[in-house]
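Enquirer: Each chain, letter by letter, is given below.
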Amino acid sequence: DAGVIQSPRHEVTEMGQEVTLRCKPISGHNSLFWYRQTMMRGLELLIYFNNNVPIDDSGMPEDRFSAKMPNASFSTLKIQPSEPRDSAVYFCASRLGGANYEQYFGPGTRLTVT
Amino acid sequence: AQKVTQAQTEISVVEKEDVTLDCVYETRDTTYYLFWYKQPPSGELVFLIRRNSFDEQNEISGRYSWNFQKSTSSFNFTITASQVVDSAVYFCALSALRGAQKLVFGQGTRLTINP
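So the sequences go chain by chain: U and A. For what it's worth, the working numbering labels the leading residue of the first sequence as 13, then goes sequentially. For what it's worth, the working numbering labels the leading residue of the second sequence as 16, then goes sequentially.
Note that these hints are calculated values from the structure, not bench results. All C-beta atoms in this analysis are idealised placements derived from N, C-alpha and C, irrespective of residue type, glycine included. Worth double-checking, as some hints may not be accurate.
Claimed, not checked - Short derived list, chain U residues pointing at chain A, Cβ under 7 Å:
1) Met-51
2) Gly-54
3) Leu-55
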């Protein structure tokens, strides 16, 4: 079975540009999470969705960040405009739901903003 | 508030040695889950184990074992007869069963197994 799919795997962009990260969760999973990993702050949750509905976006750093989940098989995380401090690895994870609390992570997108 | 502390930033051992990674957590929830994830040099996060706060039985999976002690809020991970392929960053994480079900991660322990 395919795991969580993220694209692109690497993104290099200039400050001020719009960046869109994409995620396809594992089929049948009803929760989706976006995390960011940096050396300074470690792994931190940005936002999560249950059944395509955003539940907790308290981790979204500021208005420059937005996330959508138009259907059960696709989600985007957008940064507009990007800044150098947004450079990080962004992970998407999905969870089956019910009594299954473990999250399965995608390979991540390494974002570099110059 | 929830917090996970992995006091060991880096550990380096020689192959075939046993090694224990420590994890201490804080939560006001009475029901919660604890997890361990592995992040190899390739960067992905690999789920290793989930433990329910109701279940304090230790678990063994091959060379891996986990010791959950609610009295000391610890969930330690031991690798027996370590191998070079075990080299990775290991994360301990906590999730409430109710409300926000996000994973709260520790800072990770970088484990290096030297041949």
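Enquirer: Give a verdict on every hint.
Expert: Outcome of the hint check:
{"no.": "1", "hint": "Met-51", "in the structure": "violated, 10 Å"}
{"no.": "2", "hint": "Gly-54", "in the structure": "holds, 5 Å"}
{"no.": "3", "hint": "Leu-55", "in the structure": "holds, 4 Å"}
The structure shown violates just one earlier hint, number 1.
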